[in-house]
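First to last, the protein sequences are chains A and B.
Start counting the first sequence at 759; every next residue gets the next number (the numbering used here).
Start counting the second sequence at 4; every next residue gets the next number (the numbering used here).
Because the hints were derived from the structure by calculation, they are not lab data.
Treat the hints with care, as some may be off.
[Said to hold, decoys possible] Just a sample of chain A residues kept apart from chain B, beta carbon distances all over 12 Å, derived:
1) Arg790
2) Ile820
3) Gln906
4) Val909
5) Gln914
6) Leu921
7) Leu951
8) Asn989
9) Ile1008
10) Gln1075
11) Met1105
12) Ser1157
13) Tyr1161
14) Arg1179
15) Phe1202
16) Ala1215
[Unchecked claim] For the chain A half of the interface with chain B, some residues (derived, Cβ under 7 Å), not all of them:
17) Met799
18) His809
19) Tyr815
20) Trp817
21) Gly829
22) Ala976
23) Asp999
24) Pro1100
25) Glu1115
26) Glu1191
Given the structure is predicted, the values throughout are model-derived calculations rather than measurements.
Even glycine gets a Cβ: it sits at the ideal position worked out from N, Cα and C.
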Amino acid sequence: MSGTLIQLTYFIASACFILGLKDLGSPETARRGNFFAAAGMFLAIVGTLVHQDIVSYEWIIIGMIIGSAIGGAMAVFMPMTAMPERIALSHAFGGLAAAFVGISEYYRHGAEMELLKTVPVGFEVIFGALTFTGSLMAFGKLSGYITQVPVTYKFQNQSNISLFGLALALYIAWLFTPGYPILFYIMLGLAFLIGVLMVLPIGGADMPVIICLLNSYAGLAASATGFVLSNNILIIAGALDGASGFILSIMMSKAMNRSFANVLFGAFGSVAETAPGAAAASVGGSVNEGTIDDAVTVLRNAQRVIVVPGYGMAVSQAQHALRELADLLDSDGVTVKYAIHPVAGRMPGHMNVLLAEANVPYDHIFDLEDINEEFSKTDAVIVIGANDVVNPAAKTNPSSPIYGMPVLNVEEARTVIVLKRSMSAGFAGIDNELFVLPNTMMVFGDAKQTVTKMVQALKN
Amino acid sequence: MQAELLFAFYIFMLAAFLGFQVISKVPPLLHTPLMSATNAISGISLVGSLVAAGAHYNPVSTTLGFIAVTAATINVVGGFMITDRMLKMFKKKEGKKS
């Protein structure tokens, strides 16, 4: 009887998840969608608590209290700028949970496990473990505990692929001899190691891709758990999560002009390696440096302004000052729009969240393909903390490592105001000829301070 | 047993296709909340860990299950809460303030 009840709650929960995701497709219904999904989850959890195998609740209750306290505190206190870190951390928890459920199942059944169960258990444990350590590495890099510069060494790809091959070989050997736990635990250890090594060569600007990929892995691990436990809702929820991460990583890799194979095998570091020599010679000419007043004069005389934010805006937390600037311009009758490149920031949609936090209405925010035509009709562009996504070399210089990547055509505007800390090259180590174009004005300094000063100057 | 496995694959395939369709309609504007919400949803592995933590199969399974329950609960509770906090901020142009 309790089995039927559980299945019924799972059935309803699955419908809730799908409806919820559908509602997440539009900002008007997104909150309702999230609520649907949460309600489905609540139902599934309550349903599971009557499972016949559960004989005592003390560990469940303690675990749920600790988990709720940590999760709730993180949700309430974490600043929006730390969102990429939080997402990475939650992938780590998801991977860990999946891996541990897998280990627990194997420990319980041992050699008696049938092939129908060992196949998904191995899959679950490998993906769960590498998602755990990989996401912790991503978290470390995003929060600055580990260098954001790609860490590379000789034969890195070869050794990573060999390690993965070894883990796979152990997995297959173990499938045939499930009575040898040693094979299983070495495989597990290797998976933990691979997660670390996989993210080591990833630089800061490639983070959006790796975060999506880890999202997908976490989903696949959860789905494999469903196969192990013969639990349909786990299969469904995992598949939804896996599909979401998969789609996002395809989108991100397209936005960076990387092949999909490149994404699957995680060899992102290579671009940074080839960068310095390839494009260094292409940029010459003098920088046109402007003061705050120069920039404000340009904005005063503008009718149409487009703001292009990048990771630099997140770092200096300039979004609120920016919104103030846009409000002032708006009250003077200037149209202000925002152009967001898909890989601006450290995860998909990063800039949108920050602008939303600063109360920028979302109908002022445009995606690359919707706004790229408009730059030629624009009087002034403010590039704030973005670099590679506005580099014209992606269109003009075939030897550039980012050649072919879709970029925002900011240089077509009458004047481009670039707010930047210094003349240093962007993440990929590529010089940006935008900075020496005659219609570009460079304003150096911390983005937030610069924008705040511009607001004051505009008020006078 | 074979039939059950095949059935599980059916479910996986249909869910993956459905997810693909539904999620490709989500605009880039909402990609971060989407990621955060799918993350919370995949915290459904909680239901697997609940059984491991509460069934007393053996001490190791209980311990692993307990840690898994904690980790998954962090994702579920934190994930849905922070997604809501984020989505609350997405607003259309309101009436002019000044």
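Here's how the hints hold up against the structure:
1. With a least CB separation of 9 Å from chain B, Arg790 (chain A) falls inside the 12 Å interface cut-off, contrary to its annotation.
2. Listed as outside the interface, Ile820 (chain A) is inconsistent with that label: its C-beta sits roughly 7 Å from the nearest C-beta of chain B, within the 12 Å cut-off.
3. Chain B leaves Gln906 (chain A) outside its interface by the beta-carbon criterion, the shortest separation being 20 Å against a cut-off of 12 Å.
4. Even its closest Cβ contact with chain B, about 25 Å, leaves Val909 (chain A) beyond 12 Å, as expected for a residue assigned away from the interface.
5. With a cut of 12 Å on Cβ distances, Gln914 (chain A) stays outside the contact zone with chain B, its closest approach being about 28 Å.
6. Listed as a non-interface residue, Leu921 (chain A) keeps its Cβ farther than 12 Å from every Cβ of chain B; the least gap is roughly 25 Å.
7. Distance check for Leu951 (chain A) against chain B: the nearest CB is about 20 Å away, which clears 12 Å, and the non-interface claim stands.
8. The beta carbon of Asn989 (chain A) sits about 6 Å from the closest Cβ of chain B, which is not more than 12 Å, so the claim that it is off the interface is violated.
9. With 12 Å as the threshold on Cβ separation, the claim that Ile1008 (chain A) sits away from chain B is violated: the shortest Cβ distance comes to roughly 9 Å.
10. The claim that Gln1075 (chain A) lies off the interface holds: its Cβ sits roughly 15 Å from the closest Cβ of chain B, which is beyond the 12 Å cut-off.
11. At the 12 Å boundary, the C-beta of Met1105 (chain A) falls inside the reach of chain B, the nearest C-beta of that chain being 6 Å off.
12. At the 12 Å boundary, the C-beta of Ser1157 (chain A) stays outside the reach of chain B, the nearest C-beta of that chain being 30 Å off.
13. Against chain B, the non-interface label of Tyr1161 (chain A) holds: every CB pair exceeds 12 Å, the least being about 23 Å.
14. The claim that Arg1179 (chain A) is not at the interface with chain B holds, since no C-beta of that chain comes within 12 Å of its own (minimum 25 Å).
15. Listed as outside the interface, Phe1202 (chain A) is consistent with that label: its C-beta sits roughly 30 Å from the nearest C-beta of chain B, beyond the 12 Å cut-off.
16. The beta carbon of Ala1215 (chain A) sits about 18 Å from the closest Cβ of chain B, which is more than 12 Å, so the claim that it is off the interface holds.
17. Given hint, Met799 (chain A) at the interface with chain B, holds; its Cβ is 6 Å from that chain's nearest Cβ, closer than 7 Å.
18. Of the supplied interface hints, the one on His809 (chain A) holds, with its beta-carbon coming within about 5 Å of a beta-carbon of chain B, less than 7 Å.
19. Using the Cβ-Cβ criterion of 7 Å, the hint placing Tyr815 (chain A) at the interface with chain B is satisfied: the shortest such distance is roughly 6 Å.
20. Interface restraint check for Trp817 (chain A): the shortest CB-CB distance to chain B comes to about 4 Å, inside 7 Å, so the restraint holds.
21. Contact between Gly829 (chain A) and chain B, as hinted, is supported at the beta carbon level, the nearest pair being about 3 Å apart and thus within 7 Å.
22. The criterion of a C-beta within 7 Å of any C-beta in chain B is met by Ala976 (chain A), whose closest approach is roughly 6 Å, and the hint holds.
23. This hint holds: Asp999 (chain A) has a C-beta 4 Å from the nearest C-beta of chain B, less than the 7 Å allowed.
24. Given the 7 Å rule on beta carbons, the hint for Pro1100 (chain A) holds: about 6 Å separates it from the nearest Cβ of chain B.
25. With a least beta-carbon distance of about 5 Å to chain B, the hint placing Glu1115 (chain A) at the interface is held under the 7 Å criterion.
26. Taking 7 Å as the C-beta cut-off, the interface hint given for Glu1191 (chain A) is violated, the closest approach to chain B being about 27 Å.
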